[in-house]
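J.: Position one of the sequence shown corresponds to residue 1 (the numbering used here), numbered consecutively onward.
Any given hint could be a false lead.
Claimed, not checked - Think about it this way: if two alpha-carbon atoms lie no more than 27 Å apart in a straight line, the pair counts; the simulated BS3-like pairs of lysine-lysine are:
hint, residue 1, residue 2
1, K139, K64
2, K121, K158
3, K121, K64
4, K139, K157
5, K111, K157
6, K143, K121
7, K143, K64
8, K111, K158
9, K63, K158
10, K158, K107
11, K139, K121
12, K63, K143
13, K157, K47
14, K107, K63
15, K107, K143
16, K121, K107
17, K139, K47
No wet-lab data here; the hints were simulated from the structure.
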Amino acid sequence: FTLKKLDFWFYNCIIIKNKKMDNLKEYWKTSSCFYKKMGLDPSKDMKPLGDNALILNIASISKKFEAYEGIIHGGYVSTLLDSVGGITALFFADKKFGKIALTSSMKVEFKRPLSPLVESKVIGSVSALTENGCLGEAKIYQKDNVVAQAIFSFRFKKP
């Protein structure tokens, strides 16, 4: 694939098109295609949490993402962790670097099933940040229990 062919899937869904991000709501306008498919609207439900984290509050995950009755598919869970991790990396990197974040590695640990129609929250945090990339983690919670967590690294690239 060339960058042109990847433009629709990757750049429109995950990458900040504006070189300077004014606020989270503006950022989410550039990645809304991906989240609409997941049934989420982070522009309303995601907020900074401290100096190195973002929190996404999810009122309910649709049953259409179930793998089995009452269990959300692991691919959805992994995608949610990767996306929130990437958004967190971009949010904190953009303040300093204004770059693109590419997932280098991600290790997911599933603790318990993610249930549909239950309030959830996803917290992404950055633990190390340089001009070349970052390390961090993302966790999904339901009823104050960790459902799944991911440790990730992202590389930064100039647009």
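J.: Going back to the hint list, which numbers does this structure go against?
T.: 2, 5, 8, 9
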